[in-house]
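Dock chains B and C against chain A, hints included.
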Amino acid sequence: MRKTFGALSLLFILGILLLIANPNYGLKFGLGGEDWQKYRYTDQYYIDHGIEETGGTNIVTDIVFDYRGYDTLGEATVLFTSIAGAVALLRKWREENEE
Amino acid sequence: MKSDMGLIVKTMARATIPLIGIFGAYVVSHGHLTPGGGFQGGATIAGAGILFLIAFGIDEAKKRINKSLYSALEGLGGLVFLGAAMLGLSVVFFYNTLWHNGPVFDGKPGTLLSAGYLPIMNLAVGLKVYTGLMSAVFAIALFRRWRK
Amino acid sequence: MIPLQFVTAFLMVFMGIYAFLYKRNLIKLILALNLIDAGIHLLLISLGYRLENGILPTAPIYTGYETLKGTPMVGPIPQALVLTSIVIGVCVLSLAMALTINAYRHYRTLDVNKLRRLRG
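Those protein sequences? They're chains A, B and C, same order as listed. So the number in my numbering is just where the residue sits in the first sequence, counting from 1, plus 1301. So the number in my numbering is just where the residue sits in the second sequence, counting from 1, plus 143. So the number in my numbering is just where the residue sits in the third sequence, counting from 1, plus 769.
It should be emphasised that the hints constitute simulated quantities derived from the structure, not laboratory data. Beta carbons: idealized from backbone N, C-alpha and C, even for Gly. Incorrect hints may have been included.
Going by beta-carbon spacing under 8 Å, a handful of chain B positions derived as facing chain A [claimed, not checked]:
(1) G174
(2) G253
(3) A258
(4) L261
(5) F286
The shape of chain A in the complex, shown without the other chains:
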């Protein structure tokens, strides 16, 4: 029962993934020309104006630290919290002295 349910769900997930991956009616791969200007105008704006507005020649760094700085701030908070949690979990415990 459990095995057949697992196999059926795996087949179902595989079908959904194949349906999504097909570029005819799923995710489009490699936009270009008119489609790029229509759907990806934000990327084109960053590529065109990134140097004048922030000064870095690496556009990815410009986006990470300047345009989307709040994302990086949240990421730094997540990093700090998870490292603090890991260090606090692996500390010496109180019951260990009594054993």
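Only chains B and C this time, still in chain A's reference frame:
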């Protein structure tokens, strides 16, 4: 229990750890010019530290590396990042005020001293990631007390 | 014709889901989590690719920046957001490893079924 590796691994680690560290420092400091940035360079330097840890053993690494200092430096990196974000607070949070009218980081685009607060943030994030990964790996490596 | 990047990304996600359904070791479950993470990152990066006819796009970095002005470039937003996501993946990995080490210390096993049954 002996926790370090053999002679060949130790010699190769002595040869390669400074090179990995220099490459990581290059990636961090040129983060606004070439591929890379704070996180990638910090992870590279942390790779050098982890190589030191597994080649020379936990006893040697405990003598050389101060764990609480690393935990303090991680908080310092986060605070420097936040302070660099607050430099342009007179206009808006995360405003790049050093670019176009700052005293220091106002060079031509493509040179090392340009791009406003981006190099400061790269250094801060690199320091934070390096110390954070090193302290996490140290906490995992030091946790063997239940076996004696 | 499905592109090769999508095939690889969905294969990685599928392998991760298979390991979630059929494996019982905690370390293997953490590896499956990271495999799904890497597959999603590959999918997002490949969504930012750009196909102009005849011209190969370059990475969004102006190293010699006057000569590269106007050439087609790959979209930079998916790369930046995936960079954030990679950091969070490392955080989740370290926290999950700490929890696993603590569970092994208490129960002396990594099997999920025995782990639940041992002390209630």
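Report task. Quick one: which hint numbers does this structure break? Sort them smallest to largest. Result -> Every hint satisfied by this model.
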